[in-house]
Amino acid sequence: MSIRLTDQPFAAEGELAEFMARLTGDGAVVNFVGIARSHSSSGEILKRLVLQHHPRLTSRSIDEIAETARKRFDISSLRIVHRYGPVAPGEVIVFVAAASKHRRSAFNAADYMMDRLKTDAVFWKREDTTSGSRWIEPTADDYGAREQWSESCLE
Amino acid sequence: MKILFFGMLRDALGDELEVAPAGDETVAQLRTRLARLYPDVARDLLSPRIRVCVADAIVGEDFRLGGHDHVEFLPPVSGG
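Chains as they are written, first to last, in the numbering used here: chain A, 1 to 155; chain B, 156 to 235.
For the record, the hints were derived by calculation from the structure and aren't laboratory data. Remember, predicted model here, so these are calculated numbers, not experimental data. You can trust all of the hints, since none of them are fake.
Coverage of chain A stretches by chain B, computed from C-beta distances (three or more under 8 Å per stretch; other residues unrestricted):
| no. | region |
| --- | --- |
| 1 | 52–59 |
| 2 | 112–122 |
| 3 | 128–141 |
Among chain A residues calculated to face chain B with C-beta under 7 Å, some are:
| no. | residue |
| --- | --- |
| 4 | H82 |
| 5 | V94 |
| 6 | K125 |
By construction, the Cβ of each residue, glycine as well, lies at the ideal position given by its N, Cα and C atoms.
With the rest of the complex left out, here is chain B:
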């Protein structure tokens, strides 16, 4: 599964990460898994200000990621 990052998360983690899919994990579980892997940015990865987007739609914490191969982490937008 590919995780894509934007804004300040991209500075910290790069454009994208490839992680092994973990069954039918939820967004909340993915956040926790990534926060353990990257403790320096754990606070951001777990923050509700960072929204998670699948197939160009914002999804909630209970959304199940099974079957999806792209997940995006979107910090609050800056505007133009």
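In isolation and in its complexed conformation, chain A is listed as follows:
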């Protein structure tokens, strides 16, 4: 498992190449790249996204998501790289990759990690637009996506 939080821009291509260079005997790699959009959720021009993190709880929340993915899916390795601090439109916010013998496990693990990251990762996210700033929370769609992975009707 490789997990990194960074306040510096990074290239998803480099992360994928490095991830793949360490694989041995896998038959599938699935990766996802999340990019800061040019417009806010309400259509205004985005100046930047600001991802505030907690000095300990943020990495703890991401570690838990990765560890659960590792136990739940038949994957051999995974990588998560997540930005914090100010992020400019067009820059990568998150890179997620999973490798497995066969494709389905890697698809599921990447999908699971992203759905959990979108709702459970400890970040406070603010959109700074040309007409003001707004703190954002996960959408109903985000919560619905996470719900599909629920293993218990009590969760």
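Start from chain A and add chain B according to the hints.
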């Protein structure tokens, strides 16, 4: 006692505040004290949506803060 803020509370109150410890005050009493000091954000400070965290664990309204020198106010997380 140091109070640390995150998310929209940080915009309103800054990263942290130093307040005098008030004996064995509970979380609920601290919320009320801060809400009086900062009426502009009183609604948020008193909101159950804002959770209070001590030593990296969420604590309830009756939790006594005596002996703790850091308290964190955490708004609902946005996710990544």
